[in-house]
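S.K.: Could you put the whole structure together from the sequences, leaning on the hints where they help?
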Amino acid sequence: MPREDSIGAAVDDTRTATVHEPELKHHFDDMAQQHEAATLGMWLFLATEVLFFGGLFAAYMLYRVWYPGTFGDASRSLDITLGTINTAVLITSSLTMAMAVHAAATGERRTTMIFIVLTMVLGAAFLGIKGVEYYEKFAEHHVPGLSFHFEGQAPERAQLFFSLYFAMTGLHALHMIIGLGIMSVILYMTWRGAFSTRWHTPVEISGLYWHFVDIVWIFLFPLLYLVDRHK
Amino acid sequence: MSQHIVPRSTYVAIYLALMVLTAVTTGVAFFDLGLANPVVALSIAVLKASLVVLFFMHMRWSSRLTMVVAGSALFWLGIMLVLTMSDYATRGWAWF
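Residue numbers (this note's numbering), protein chains in the order written: chain A, 1 to 231; chain B, 232 to 327.
Quick caveat, the hints were computed from the structure, so don't treat them as lab data. Treat the hints with caution; some may be incorrect.
Stated by the list, open to error - Pair ranges (Cβ atoms, derived):
id, chain 1, residue 1, chain 2, residue 2, range
1, B, Leu296, A, Gly69, 45 to 55 Å
2, A, Trp191, B, Ala320, 50 to 60 Å
3, A, Lys25, B, Val255, 39 to 49 Å
4, A, Glu108, B, Ala320, 48 to 58 Å
As the list claims (entries may be wrong) - Selected chain A positions facing chain B (Cβ under 8 Å, derived; list incomplete):
id, residue
5, Leu44
6, Ala47
7, Val50
8, Thr84
9, Ile85
10, Ile91
11, Leu95
12, Met99
13, Ser184
14, Phe219
15, Pro222
16, Leu226
17, His230
Here a beta-carbon is modelled for each residue, glycine too, at the ideal position from N, C-alpha and C.
M.R.: See the structure below:
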């Protein structure tokens with residue numbers, strides 16, 4: 001006698017047998033579709049993030065076109081050595097993230113954990129270096145506000161540059177902190193053995209987020225640190 | 232499965248390219264190229280971002296739909312930047 005489901009329809013046993021995988025949510029046809037949906041959802045979120053940061057980039061672009069001289073003066077007061085080191089640190093963290101995804105896809109649990117920890121250490125190092133730079137800005141009174149002081153011409157225009165500097169790097173740093181939180185969860189899930197060669201989508205899409213935050217910095221670095229450096 | 236496992240050597244090659252481009256963009260910034268300075272800096276940034284998206288983020292092996300969604304982000308960003316700038320750039324045209 002054929003089995004029936006809750007609404008009385010005959011259950012296709014051959015079909016349920018092929019899709020009975022613990023990682024597959026019942027509303028997806030197969031693992032490939034489930035993976036595609038997760039990837040697409042993450043990219044859709046990243047598209048909103050592009051526009052979220054895009055507003056600040058638009059503001060930056062306008063004021064840089066209006067006040068090119070002052071933006072050069074203010075940009076040269078930033079520490080280019082720390083900025084370049086931080087760019088290298090973040091790019092390296094993207095490599096370790098890609099390596100973590102690779103290890104998860106090939107089922108190397110221990111290697112995945114090592115690379116996630118390395119990614120987190122590099123992310124924390126980035127935030128530490130950024131903290132040193134912020135400290136210097138406070139010490140130099142380059143933080144916009146009542147005690148703002150800028151040695152060059154047109155300090156009110158320089159204040160605009162530093163407002164954008166803190167808004168853009170601050171929003172980026174917030175994303176890094178959230179990224180560290182996500183990586184902590186992924187590390188815990190990996191340690192618990194939640195992932196396999198068949199299913200490790202959370203590692204992949206968290207990696208997409210991490211790389212996106214890296215890309216934001218790839219644009220922030222030349223726009224904030226490399227304006228008229230030759231002068 | 233739609234998943235494509237990229238060899239480790241590819242990631243290392245992309246990483247080295249990104250590091251070289253970082254050194255180049257910092258180095259070039261110390262030379263006076265006039266208006267070409269921001270153009271070179273942004274071109275290198277776009278190239279670096281493309282490498283990250285294509286290889287680290289696996290866009291090269293993604294579905295067409297994912298590519299369209301990612302492309303739409305650039306499209307809307309372009310609208311925001313171009314319309315904002317065209318507004319401010321033309322405010323002085325008071326000939327009407």
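S.K.: Does isoleucine 85 of chain A hold up as a contact with chain B if the rule is Cβ-Cβ below 8 Å?
M.R.: Hint on isoleucine 85 of chain A: violated, closest Cβ of chain B at ~10 Å, above 8 Å.
S.K.: Holds or violated: 39 to 49 Å for the Cβ distance of lysine 25 of chain A and valine 255 of chain B?
M.R.: 46 Å, holds
S.K.: Would the stated hint for proline 222 of chain A survive a check requiring a Cβ distance to chain B of less than 8 Å?
M.R.: OK, holds: proline 222 of chain A within 8 Å of chain B, min 4 Å.
S.K.: Per the CB criterion, is leucine 226 of chain A less than 8 Å away from chain B?
M.R.: 4 Å, holds
S.K.: Given methionine 99 of chain A was flagged as interface, is its beta-carbon under 8 Å from a beta-carbon of chain B?
M.R.: 6 Å, holds
S.K.: May I ask you to test the interface hint for threonine 84 of chain A with respect to chain B, counting a Cβ-Cβ separation under 8 Å as satisfied?
M.R.: Interface hint status for threonine 84 of chain A: holds (5 Å vs cutoff 8 Å).
S.K.: Min Cβ distance, serine 184 of chain A to chain B: is it shorter than 8 Å?
M.R.: 21 Å, violated
S.K.: Hint check: is the beta carbon of leucine 95 of chain A less than 8 Å from a beta carbon of chain B?
M.R.: 4 Å, holds
S.K.: Look at the Cβ atoms of leucine 296 of chain B and glycine 69 of chain A and judge whether their distance stays inside 45 to 55 Å.
M.R.: Between leucine 296 of chain B and glycine 69 of chain A, where Cβ atoms are some 46 Å apart, the hint holds.
S.K.: With a cut-off of 8 Å on the beta carbons, see whether phenylalanine 219 of chain A makes it to chain B.
M.R.: 5 Å, holds
S.K.: Would the stated hint for isoleucine 91 of chain A survive a check requiring a Cβ distance to chain B of less than 8 Å?
M.R.: 5 Å, holds
S.K.: Is the gap between the beta carbons of glutamate 108 of chain A and alanine 320 of chain B within 48 to 58 Å?
M.R.: 54 Å, holds
In this structure, the hints that do not hold are numbers 9, 13, in rising order.
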